[in-house]
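2 protein chains.
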Amino acid sequence: MAVFVYKFGGTSVGTVERIKVVAEKIKKARDQGDHIVVVVSAMSGETNRLTGLAEEIQFHPNSREMDVLLSTGEQVTMALLSMALHELGCSACSYTGGQVKILTDNTHTKARIREIDDLKIKQDLEKGRVVVVAGFQGVDEYGNITTLGRGGSDTTAVALAAALKADECHIYTDVDGVYTTDPRVEPKARKLDKITFEEMLEMASLGSKVLQIRAVEFAGKYNVALRVLSSFKEGKGTLITYEESEMERALISGIAFNRDEAKLTIAGVPDLPGVASKILCPVADENIEIDMIIQNIADDATTDFTFTVHRNDYQKTKNILETVCSELNAKHVTGDDSIVKISIVGVGMRSHAGIASTMFKVLADEGINIRMISTSEIKISVVVDEKYLELAVRALHKAFGLDKEE
Amino acid sequence: MAVFVYKFGGTSVGTVERIKVVAEKIKKARDQGDHIVVVVSAMSGETNRLTGLAEEIQFHPNSREMDVLLSTGEQVTMALLSMALHELGCSACSYTGGQVKILTDNTHTKARIREIDDLKIKQDLEKGRVVVVAGFQGVDEYGNITTLGRGGSDTTAVALAAALKADECHIYTDVDGVYTTDPRVEPKARKLDKITFEEMLEMASLGSKVLQIRAVEFAGKYNVALRVLSSFKEGKGTLITYEESEMERALISGIAFNRDEAKLTIAGVPDLPGVASKILCPVADENIEIDMIIQNIADDATTDFTFTVHRNDYQKTKNILETVCSELNAKHVTGDDSIVKISIVGVGMRSHAGIASTMFKVLADEGINIRMISTSEIKISVVVDEKYLELAVRALHKAFGLDKEE
Numbered sequence: 060m061a062v063f064v065y066k067f068g069g070t071s072v073g074t075v076e077r078i079k080v081v082a083e084k085i086k087k088a089r090d091q092g093d094h095i096v097v098v099v100s101a102m103s104g105e106t107n108r109l110t111g112l113a114e115e116i117q118f119h120p121n122s123r124e125m126d127v128l129l130s131t132g133e134q135v136t137m138a139l140l141s142m143a144l145h146e147l148g149c150s151a152c153s154y155t156g157g158q159v160k161i162l163t164d165n166t167h168t169k170a171r172i173r174e175i176d177d178l179k180i181k182q183d184l185e186k187g188r189v190v191v192v193a194g195f196q197g198v199d200e201y202g203n204i205t206t207l208g209r210g211g212s213d214t215t216a217v218a219l220a221a222a223l224k225a226d227e228c229h230i231y232t233d234v235d236g237v238y239t240t241d242p243r244v245e246p247k248a249r250k251l252d253k254i255t256f257e258e259m260l261e262m263a264s265l266g267s268k269v270l271q272i273r274a275v276e277f278a279g280k281y282n283v284a285l286r287v288l289s290s291f292k293e294g295k296g297t298l299i300t301y302e303e304s305e306m307e308r309a310l311i312s313g314i315a316f317n318r319d320e321a322k323l324t325i326a327g328v329p330d331l332p333g334v335a336s337k338i339l340c341p342v343a344d345e346n347i348e349i350d351m352i353i354q355n356i357a358d359d360a361t362t363d364f365t366f367t368v369h370r371n372d373y374q375k376t377k378n379i380l381e382t383v384c385s386e387l388n389a390k391h392v393t394g395d396d397s398i399v400k401i402s403i404v405g406v407g408m409r410s411h412a413g414i415a416s417t418m419f420k421v422l423a424d425e426g427i428n429i430r431m432i433s434t435s436e437i438k439i440s441v442v443v444d445e446k447y448l449e450l451a452v453r454a455l456h457k458a459f460g461l462d463k464e465e
Numbered sequence: 060m061a062v063f064v065y066k067f068g069g070t071s072v073g074t075v076e077r078i079k080v081v082a083e084k085i086k087k088a089r090d091q092g093d094h095i096v097v098v099v100s101a102m103s104g105e106t107n108r109l110t111g112l113a114e115e116i117q118f119h120p121n122s123r124e125m126d127v128l129l130s131t132g133e134q135v136t137m138a139l140l141s142m143a144l145h146e147l148g149c150s151a152c153s154y155t156g157g158q159v160k161i162l163t164d165n166t167h168t169k170a171r172i173r174e175i176d177d178l179k180i181k182q183d184l185e186k187g188r189v190v191v192v193a194g195f196q197g198v199d200e201y202g203n204i205t206t207l208g209r210g211g212s213d214t215t216a217v218a219l220a221a222a223l224k225a226d227e228c229h230i231y232t233d234v235d236g237v238y239t240t241d242p243r244v245e246p247k248a249r250k251l252d253k254i255t256f257e258e259m260l261e262m263a264s265l266g267s268k269v270l271q272i273r274a275v276e277f278a279g280k281y282n283v284a285l286r287v288l289s290s291f292k293e294g295k296g297t298l299i300t301y302e303e304s305e306m307e308r309a310l311i312s313g314i315a316f317n318r319d320e321a322k323l324t325i326a327g328v329p330d331l332p333g334v335a336s337k338i339l340c341p342v343a344d345e346n347i348e349i350d351m352i353i354q355n356i357a358d359d360a361t362t363d364f365t366f367t368v369h370r371n372d373y374q375k376t377k378n379i380l381e382t383v384c385s386e387l388n389a390k391h392v393t394g395d396d397s398i399v400k401i402s403i404v405g406v407g408m409r410s411h412a413g414i415a416s417t418m419f420k421v422l423a424d425e426g427i428n429i430r431m432i433s434t435s436e437i438k439i440s441v442v443v444d445e446k447y448l449e450l451a452v453r454a455l456h457k458a459f460g461l462d463k464e465e
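Those sequence lines, one after another, are chains L and G.
Going letter by letter, the first sequence gives residues 60 to 465 in the working numbering.
Going letter by letter, the second sequence gives residues 60 to 465 in the working numbering.
Incorrect hints may appear among the rest.
[To be verified] Derived lysine-lysine pairs resembling DSBU-like cross-links, with alpha carbons at most 30 angstroms apart:
#, chain 1, residue 1, chain 2, residue 2
1, G, K169, L, K181
2, G, K420, G, K446
3, L, K186, G, K160
[Said to hold, decoys possible] Facing chain G, from chain L, some residues (calculated, C-beta under 7 angstroms):
#, residue
4, G111
5, L112
6, E115
7, Q117
8, P120
9, N121
10, E124
11, V127
12, L128
13, Q134
14, L139
15, S141
16, M142
17, E146
18, G148
Since the hints were made in silico from the structure, they are not lab data.
In this text, a Cβ means the ideal position worked out from N, Cα and C, and glycines have one as well.
Only chain L is shown next, with the shape it has when bound in the complex:
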């Protein structure tokens, strides 16, 4: 018998009616003879309600108690889903993270899973029960309740699938799979049947936020076959798996983009060792995350240093740089907060030359000026003016053959 781990997010279990629909879906799978372990999130809205209560009491709620509070959200869902399964005549049993137990470190509100005890779950599965587990939560070695941070239920599901050596881990969500790009920007975007873990990681971190990035990393590390599919529509979704050598893969799997970035340049910086850290450390000290970094080749004794940050941090970063600029005796600071980053992602690029030049030519043909370029093994990112987003995505989507059926 095959073992599957199903994960349902907050929207999928947001009402009693939806919980009943989810129960039907699970029962159907169970009736086909599969062993099913279900991981659930809090009903949508519940986490915000609880956070609201906490914040009425403490401006920065105590993190240990915050975990105690938030973990009740999934506990409510798991009990209701188990009841819904019983109502359908399907034997089921629910467990909190602590009951399983899912052992984590003690970093409250963003704990990491260390170990999962699969004994109870296996015993229940053998008795023919569906096992419902609270996502997002665990316990530390002293029995304190911990939570895994936003989106942690995906991580719970993947970790359980790894521990149980499940055949597949299904992440049910409100989209029916991973697309070649955002269909709201390119209506010709196609759902992918398969994507590799590495491609998925690049897609996720670049803004196609279907899955929590930690869950994908985890799935890659422990070789868990992950499938993203819709809670509401029938369909096979997208399978996230290892690159298969025999498979004739497309060069490019998808096009990701990020509208939330801003770009800053400090020009005329003395080209000396340690200058990069002198610029970036004051920014990092303010907890501002830096994304792309580019340093142009210096042709006199100075260099231009450019990087991108989240658009919300633009003004703050600019102020920091003004100070740095005068300290380093640099020329001036410039910036632009109406840019976007567009990336093409694909493992195929490893074995094919000329992808970058194709990309640049496509953009040039459309008259789009590239402001920054950054590359990795399986992705190429460019920064362009915000107004070119749709034009660039659509042109690239077509040029790399993503409009066509696989």
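Fit chain G to the given chain L structure using the hints.
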């Protein structure tokens, strides 16, 4: 240093503002150097909300999952109260029943406490922390979440006080103590400074529902000094304790009454062994609780058999009796669902004769006809017509000197 267990019910922690008030009260006690363990209920309304969700899914929700669901109510409160204490600069730590751990049997929705591990609590108290514990819940030996049934938070508090050998267990509620009778019926009703466990048990089971009866039994068994007091008003409340021999006690401590009863008589029953069980078993089989039972002395070969049930069960019981009546070849079934039971309660009655006759005379002087009488060591109950309730209670309150200050 003294150890106190404080218990706050759902109304006392019903809003964020009230939780803050409770935190202030606890901090004040802590600042005086006492060790404080707090037991909390779910915020008022929360248990009903959760039960409502469950019942939308299952008509008779699975009892194991119901416990999983309901136990989240106290967990939310304990986290919020701990945060409120932190906000006041008072170190605090919260624990679920499972975390403590409070070991129970596995009778879901009405489990009984078997054992409490006090290690974590003692360690925390020694570190100067206030310990906040979820009331109403525990775990069975397999780690399944259990609940103690309605009012179970009182039981948790008393059991913790017993385990910790606490100096006193304070039950904070919306009344400021135990009264000689219901002040809504007799405005001269007085708050008692002290009452014995046995009197409290008789008062509680007779309708003066200040405390859960199991908690009082538990407190009596383990010699826990229990104090009932108001969450909202200052005051010393009522101490529930053992009878003190040196204390010159009043004859009667209080007058309890119950408006929810109905009375049924099956007349002309053959006076044979086993007849009582033939009458009562079919009633008990329908889960109808029987309160007072009276069998009149038979002066021919037949007897009249009378008992009381909850008024809601009146018609159902009458139907059962009609069947029994024809089976036993008895004369007829009569009944009355507009009666009340009034009881005088006091350990003083043990050592004083004539209490019953005083009671009957007081009622006779007011022209009140007594329909049934039942007595125990420390209480005398009578059934009278409903319309005489206020008159009877006030006359007895005065006659037994309860109007006067102690």
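Status of the hints after comparison with the structure:
Pair hint G/K169 plus L/K181 holds up; C-alpha atoms about 28 angstroms apart against a cutoff of 30 angstroms. Note on G/K420 and G/K446: the hinted pairing holds, with a Cα-Cα distance of about 19 angstroms set against a maximum of 30 angstroms. Between the alpha carbons of L/K186 and G/K160 the distance comes to roughly 28 angstroms, so the proposed pair stays at or under 30 angstroms and holds. Nearest Cβ of chain G to the Cβ of L/G111: about 9 angstroms, over the 7 angstroms cut. The hint is violated.
The interface hint given for L/L112 is met, as the beta carbon of that residue sits about 6 angstroms from the closest beta carbon of chain G, less than 7 angstroms. Nearest Cβ of chain G to the Cβ of L/E115: about 4 angstroms, under the 7 angstroms cut. The hint holds. The criterion of a C-beta within 7 angstroms of any C-beta in chain G is met by L/Q117, whose closest approach is roughly 5 angstroms, and the hint holds. Taking 7 angstroms as the C-beta cut-off, the interface hint given for L/P120 holds, the closest approach to chain G being about 5 angstroms.
Using the Cβ-Cβ criterion of 7 angstroms, the hint placing L/N121 at the interface with chain G is satisfied: the shortest such distance is roughly 5 angstroms. Against a cut-off of 7 angstroms between C-beta atoms, the interface hint on L/E124 holds, since the closest Cβ of chain G lies about 4 angstroms away. Because the closest C-beta pair between L/V127 and chain G is about 4 angstroms apart, less than 7 angstroms, the hint holds. Below 7 angstroms, beta-carbon pairs count as interface contacts, and L/L128 has one with chain G at about 4 angstroms; its hint therefore holds.
The interface hint given for L/Q134 is met, as the beta carbon of that residue sits about 5 angstroms from the closest beta carbon of chain G, less than 7 angstroms. Hint status for L/L139: holds, given a least beta-carbon distance of 6 angstroms to chain G, under 7 angstroms. With a cut of 7 angstroms, the hint placing L/S141 at the interface with chain G holds, because the nearest CB-to-CB distance is about 4 angstroms. The interface hint given for L/M142 is met, as the beta carbon of that residue sits about 5 angstroms from the closest beta carbon of chain G, less than 7 angstroms.
For L/E146, the interface hint holds, the least distance from its beta-carbon to any beta-carbon of chain G being 5 angstroms, beneath 7 angstroms. At about 11 angstroms, the closest approach between the beta carbon of L/G148 and any beta carbon in chain G exceeds 7 angstroms, and the interface hint on this residue is violated.
This entry does not satisfy hints 4, 18, going by the numbered hints stated previously.
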